[in-house]
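2 protein chains.
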Amino acid sequence: MGTSLPRRSAGDGRPMSMEAQLPTRERLLSVAMRLFWEKGYNSTSVADILRESDTNSGSLYHYFPTKKDLLVGVLERYRDGIEPMLLLPVWEGIEDPLERVFALLAGYRRLLLDSDFRLGCPIGNVALEIAKPEPEVRERLVQNFEAWTGAVERCMVEAGDRIPGDVDRRALAAFALTAMEGGVMLARAYQDIGPFDAAVDRFRDYMARLGLQG
Amino acid sequence: MGTSLPRRSAGDGRPMSMEAQLPTRERLLSVAMRLFWEKGYNSTSVADILRESDTNSGSLYHYFPTKKDLLVGVLERYRDGIEPMLLLPVWEGIEDPLERVFALLAGYRRLLLDSDFRLGCPIGNVALEIAKPEPEVRERLVQNFEAWTGAVERCMVEAGDRIPGDVDRRALAAFALTAMEGGVMLARAYQDIGPFDAAVDRFRDYMARLGLQG
DNA sequence: GTCTATAAAAGGATAGAC
DNA sequence: GTCTATCCTTTTATAGAC
Numbered sequence: 200m201g202t203s204l205p206r207r208s209a210g211d212g213r214p215m216s217m218e219a220q221l222p223t224r225e226r227l228l229s230v231a232m233r234l235f236w237e238k239g240y241n242s243t244s245v246a247d248i249l250r251e252s253d254t255n256s257g258s259l260y261h262y263f264p265t266k267k268d269l270l271v272g273v274l275e276r277y278r279d280g281i282e283p284m285l286l287l288p289v290w291e292g293i294e295d296p297l298e299r300v301f302a303l304l305a306g307y308r309r310l311l312l313d314s315d316f317r318l319g320c321p322i323g324n325v326a327l328e329i330a331k332p333e334p335e336v337r338e339r340l341v342q343n344f345e346a347w348t349g350a351v352e353r354c355m356v357e358a359g360d361r362i363p364g365d366v367d368r369r370a371l372a373a374f375a376l377t378a379m380e381g382g383v384m385l386a387r388a389y390q391d392i393g394p395f396d397a398a399v400d401r402f403r404d405y406m407a408r409l410g411l412q413g
Numbered sequence: 200m201g202t203s204l205p206r207r208s209a210g211d212g213r214p215m216s217m218e219a220q221l222p223t224r225e226r227l228l229s230v231a232m233r234l235f236w237e238k239g240y241n242s243t244s245v246a247d248i249l250r251e252s253d254t255n256s257g258s259l260y261h262y263f264p265t266k267k268d269l270l271v272g273v274l275e276r277y278r279d280g281i282e283p284m285l286l287l288p289v290w291e292g293i294e295d296p297l298e299r300v301f302a303l304l305a306g307y308r309r310l311l312l313d314s315d316f317r318l319g320c321p322i323g324n325v326a327l328e329i330a331k332p333e334p335e336v337r338e339r340l341v342q343n344f345e346a347w348t349g350a351v352e353r354c355m356v357e358a359g360d361r362i363p364g365d366v367d368r369r370a371l372a373a374f375a376l377t378a379m380e381g382g383v384m385l386a387r388a389y390q391d392i393g394p395f396d397a398a399v400d401r402f403r404d405y406m407a408r409l410g411l412q413g
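Which chain is which? The protein sequence lines are A and B, in order. Here the numbering used here is used: the first residue of the first sequence is 200, the next is one more, and so on. Here the numbering used here is used: the first residue of the second sequence is 200, the next is one more, and so on.
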């Protein structure tokens with residue numbers, strides 16, 4: 200009995216989260232993803248991660264020799280989660296490719312509001328937080344931006360002749376990312392969704408004027 | 200003799216910088232501005248600031264009871280420096296208000312290139328680095344963004360009927376800020392000026408299409 | 001792979017003489 | 001206002017038994 204049940208008990212009175220049932224390595228990544236997102240990389244200590252994941256130091260350093268290695272693992276999970284965890288939910292029931300672009304932006308809007316402006320883009324945070332990222336980290340940041348931009352670019356391509364043929368789809372997708380990141384930054388500083396909405400409105404207006412000129 | 204000369208000698212062999220001649224409080228602010236910009240707030244230790252400013256701990260804590268107070272002072276100096284230190288230099292010899300907007304953006308481009316992508320917008324860095332800024336800090340971040348946006352808005356207003364009357368000048372200025380911040384973030388992550396140029400190009404194209412449709 | 005214990009350094013901040 | 005010395009906490013990381 201109980202052979203493959205989670206070996207850790209909730210006997211300390213703390214509520215048992217879903218994270219608690221994961222195997223150690225996954226549990227560490229899951230908790231680190233959340234804490235890096237909420238508090239930032241530098242402001243999250245290894246001790247924070249050990250406590251919230253109910254893991255011992257020896258186990259963490261068994262899987263991740265340094266804190267930076269843990270960040271690399273987290274960035275890879277963000278990257279691999281863009282399709283299933285970010286795009287799939289916000290694109291549910293939306294077929295129109297251009298509507299999908301704005302549904303994605305609306306997802307960040309929702310996140311800002313639901314978190315009272317504590318959560319924005321986890322990649323953008325790390326990108327500005329770490330002044331001189333080591334190559335391992337920087338490469339994963341770029342991979343995340345590339346995956347995001349690539350997905351939006353495919354929407355722009357699928358929009359076909361609704362966008363004039365001479366407009367660079369890739370550049371349009373990159374501009375959506377730029378506007379999102381800038382909008383998230385300002386909304387968090389102002390603690391007001393206004394600057395984010397303003398950025399999306401300008402981007403939407405740009406798209407509209409592009410179309411009108413086809 | 201030597202009554203009002205800087206009381207600190209360069210006898211330790213290190214080169215004497217211009218910062219070294221400032222009174223203590225100014226010297227601390229000057230060095231902290233530079234280090235927060237280069238390394239970020241969290242990654243700059245009080246010890247770093249003391250070493251680079253050749254100051255004793257007691258003096259720093261005499262002027263700034265906590266590290267956060269020092270950050271507040273730095274943010275106020277960034278804010279007050281926007282006109283004289285940022286705008287005045289890049290607008291030198293440029294009278295056309297719309298050209299001034301792009302000259303400002305070109306200033307950030309220059310900064311990224313000259314610093315090999317180590318320096319971007321010091322305000323944007325802090326805005327994303329500090330997950331839950333205390334009110335004192337957050338207010339100064341907003342003041343910086345407001346001062347920047349206000350200056351660009353005045354350019355848009357001065358452009359008069361070159362921008363159609365029904366276009367919101369303030370919204371246009373805010374979009375310039377959004378594009379700049381997003382562009383700087385991506386350029387630093389990619390270590391490539393391409394993403395920044397792409398953002399400015401899209402913004403310029405948007406401005407052009409606005410004008411054409413007046 | 002997991003556990004406890006702890007090292008070793010860096011962090012922000014303070015005390016008290018001058 | 002400045003100086004030296006130092007406190008106390010937190011930090012990342014390691015040792016070595018199980």
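Certain hints may be false.
A pair holds if it fits inside one copy or across any two, identical chains being indistinguishable in the list.
[Claimed, not checked] Okay, derived cross-link-like pairs now, DSS-like style, lysine-lysine, Cα gap no bigger than 27 Å in a straight line:
| hint | residue 1 | residue 2 |
| --- | --- | --- |
| 1 | K266 | K238 |
| 2 | K266 | K331 |
| 3 | K238 | K331 |
Just so you know, these hints were derived from the structure itself, not from any lab.
Results of checking the hints against the structure:
{"no.": "1", "hint": "K266 <-> K238", "verdict": "both (15 Å within a copy, 18 Å between copies)"}
{"no.": "2", "hint": "K266 <-> K331", "verdict": "both (16 Å within a copy, 22 Å between copies)"}
{"no.": "3", "hint": "K238 <-> K331", "verdict": "both (19 Å within a copy, 8 Å between copies)"}
The structure meets every hint from the earlier list without exception.
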